[in-house]
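Q: Those protein sequence lines, which keep their order, are chains A and B. Final position of the first sequence in our numbering is 326; the numbers increase by one with none missing. Final position of the second sequence in our numbering is 988; the numbers increase by one with none missing.
What the hints contain is simulated information worked out from the structure, not anything from laboratory work. Hints should not be assumed to be uniformly reliable.
Unchecked claim - Distance condition first, Cα-Cα at most 20 Å in a straight line; then the derived PhoX-like pairs of lysine-lysine:
| id | chain 1 | residue 1 | chain 2 | residue 2 |
| --- | --- | --- | --- | --- |
| 1 | B | Lys497 | B | Lys560 |
| 2 | B | Lys582 | A | Lys64 |
| 3 | B | Lys873 | B | Lys510 |
| 4 | A | Lys223 | B | Lys932 |
| 5 | B | Lys608 | A | Lys68 |
| 6 | A | Lys89 | B | Lys582 |
| 7 | A | Lys230 | B | Lys972 |
| 8 | B | Lys582 | B | Lys547 |
| 9 | A | Lys113 | A | Lys145 |
| 10 | B | Lys582 | B | Lys525 |
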Amino acid sequence: MQELIKAKAIELLENGTVDRVLGWKAGEFFYDLTPAVFTSREEIEKDFVYSVFSGANLSKYLVKESRKDGKVAAFLKPCDTYSFNQLLKEHRIWRDHVHVVGIACDGMCDMEKIRAYGAKGVLSVERDGDTLKLETLYGPMTMNKADAEAERCICCKSRKLVAYDEKIGEDGDVIENSGRFDMVAKLEAMTPDERYAFWQGELSKCIRCNACRDVCPACTCEKCVFDNPKSGIAQKAAVNSFEESMYHIIRAFHVASRCTDCGECSRVCPQNIPLHLLNRKFIKDINELYGEYQSGADLETRPPLMNFTQEDCEPSVVYERGGKQA
Amino acid sequence: MQRIGVFVCWCGTNIAATVDVKAVAEALGKEPGVVFATDYQYMCSQAGQDMIRDAIKEHNLGGVVICSCSPRMHETTFRKTAEKAGLNPYMVEIANIREQCSWIHKDMPTATEKAVILGRAAIAKVHLNAPLTAGESPVTKRALVIGGGIAGIQTALDIADAGFPVDIVEKKPTIGGKMTQIDKTFPTLDCAACILTPKMVEAAQNENIRIFSYSEVDSVKGFVGNFHATIRRKARYVKEDVCTGCGLCTEKCPQKKVPNEFNLGLDNRRAIYIPFAQAVPKVATIDPNYCTMLKSGKCGVCAKVCTAGAIDYKQKDEFIEEDYGAIVVATGFNPIKLDRYDEYAYSQSPDVVTSLEFERLMNAAGPTAGTLLRPSDGEHPHTLVFVQCVGSRETRDCGKPYCSKICCMYTAKHAMLCREKYPDTEVYVFYIDVRTPGKNFDEFYRRAVEEYGVHYIKGMVGKVVPENGKLKVQASDLLSNEQIHIDADMVILAAAIEPDESARSIATMLTASMDTNDFFTEAHPKLRPVESPTAGIFLSGVCQGPKDIPETVAQAGAAASKVIGLLAKDHLMCNPCVAEANELMCNGCSSCEKVCPYGAITYSDKEFPGPNRTRVLRRVASVNPAVCQGCGACTVACPSGAMDLKGFSTSQIMAEVDAICK
């Protein structure tokens, strides 16, 4: 796959379709892939990496990249194309400055899981079908790719590319019964005290590094409320752990009904807070109250929380009064 | 910091009986920025307003807080007062210590404490108030009347008489409404058709009136003075301007078994029909649910017999777009469905009828040509039982909690007419109370009892059982405390009336408020009874509450005079409390545009200074202040907080909340 992608990148650059390519390159470590812009064959041949660690969603980078002169090619996995569509819908990306190459994906891997499997001093990871071949300081080892898959990929919602100019690999389908709401349902079944304890436990780990906001494709505001001293909720040292929770809850409200559930927030969290669960709770509620909705699936429909119809239900009627109108 | 004056109103005893107004003035006088605080018996009176004016000048006030009734009541009054003293009117804030405090509390210390807190919140807000200036918007000099019953017709005629064009939109094929189905009108017993049909013709002939019959209002956008409506002219499959109303098609149409809604299903009509002889417009309409040509493409008889060539099976719904300055709602009523009143055997026996059906059975143009005959066998009935309050004043949820107001009088009328035409009949009326509060109403009822010998029995009917061609009526006489059994030939039920089912969707379209019974709410129950709280929307007839014909006509005229008052103006003052986008923070994401119910927000690409002396092109929102109604939906939809509402900014509201929580 990496070779096909690199060849496509070089081809698009050299035939003049684009003058920049957005892809991934190695960061501090080989598994720590970071988004990067390439402008020449040499750079691509040297640095471009596509591997089981190419989890980073490139769509958000197009907000800035597409506003520059010329055209940029971007390699988008299925879940990234949903974010891309959502950004197009919000007029954040200039579509005619982007050439989208959709790439098929059957799940990315999580280094934490490989370590948890027992691999130490990992020097490289090669994918061979369903197995991963590991080189470690202590010799080679193999493991099933399924055991190393990232949490968000295990309950993947869709392998379908919803936006592309051309594609590499076979397009997949939307996955019904992905099981992505199982954990939300578990949390819902808890008593309020248990649930509060769960979230207090998780959110109090937050160090306010803002990585979740910075990576989130739904967070592209010109001026974020957390950076705006006039908003009253601007960045400052939290007085107590409750204020840290408010940051995440406000963020979940801001992206509600626009979040495509790409799972980047949880991926980048250095404290491993399962932030995606907050967003999924919103998605689950929206599905139940206003009908199934997947943001980014198309360019036409309105996000349910920005669409008012006479048929809209009253959530308090549904949840507190057993679904009966007064 | 503003120099603020606080004025606490007693509202006579309305506030002062539960709130210690002196203590409130004293406590608020100590708030930061407050340089003057006082209390007075009636702040809204001339003396009270003078006091405010003098204080503004004497203490050089920059902001004013009035602790009084709801801002809906007197905000405008106090803003004008401030303006006369040279202060910007939007530097005035009202703390509602009447509706939201004194009226709902009994305990003086609690209410006083709450009044202080509400005052403190208003003071916190005034500190952040900025002077605002209202713009002007033009007025479209045309009115829309929704509903073509007697209410709509009268309103339209009065507006047209003043020289303004009016459009009537009626969903039925003819105007006239419920009054066309009524036989005689109380208390004078003149024939409904004789007084209504000339008005219908007058409306049709008036140069200023356009009638869109068989049409519905599809959507309404805009605001007072500048509404834009889309009207759907439903396909009637007959060219309205070609049809002569000769009625030949309605005689030749082979589809004879269509329930005639004009006679409430008591007889049949054809698939192509003219509701009644005096219909306006007198034009045939094809009922697409029954026409064989429209359903299966086979027939075409009406087209063959029509000498004018008016039939058009391919007709489609047409849409008309028009601008209006004012809209009058006159959507009327319907009797409630009686399927949940099984005790009266309405669905079991055809001889149990509603009063409106009885009206048709007595009417010369009705299914029996005016001879009273039992629907089941066409025999002359001898014993008739009238039951009042069927579904009115009902505490169970199958009925309506309110009094339908008209039933006592029309039942007296029915009973009287029965006895007059057929002296051999025995007529019983069962009632809870007889309510006759109108001019000549009680005299009318007494005539029914004293001159016509109608048996009025205080008590309700418990059960009606059809048996051997008779209706066994079981009832109680509350005055003599006896059970009564009557073998009746007919039972007539005075069904409660309810707003037409279209009212709710129209209210939503117009953002006009309704009460729990779906009657339109008036701007003030006593002082502004024909205006909706939504500016530019007026109410006429039963859509606002049950009323009889004289009251409806009076209200129709009142609504018309309000409309004329509005249309006579060339410009209206806009509300300056509108949304504003901060372009530096706007993402151009369209969230606000999507939630704006008025279409007030547009986008454009603008150049902004970027880093290193570059120019950056960005898509940003802008609000048309003439269209924005200040609802604030955009301010909560905006993810970055770029949208804010002038006069109700997020920071002002947060300051109020902080002051309350302090």
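Q: I'd like to know which numbered hints this structure contradicts. Please list them from smallest to largest.
A: 2, 5, 6, 8 and 10
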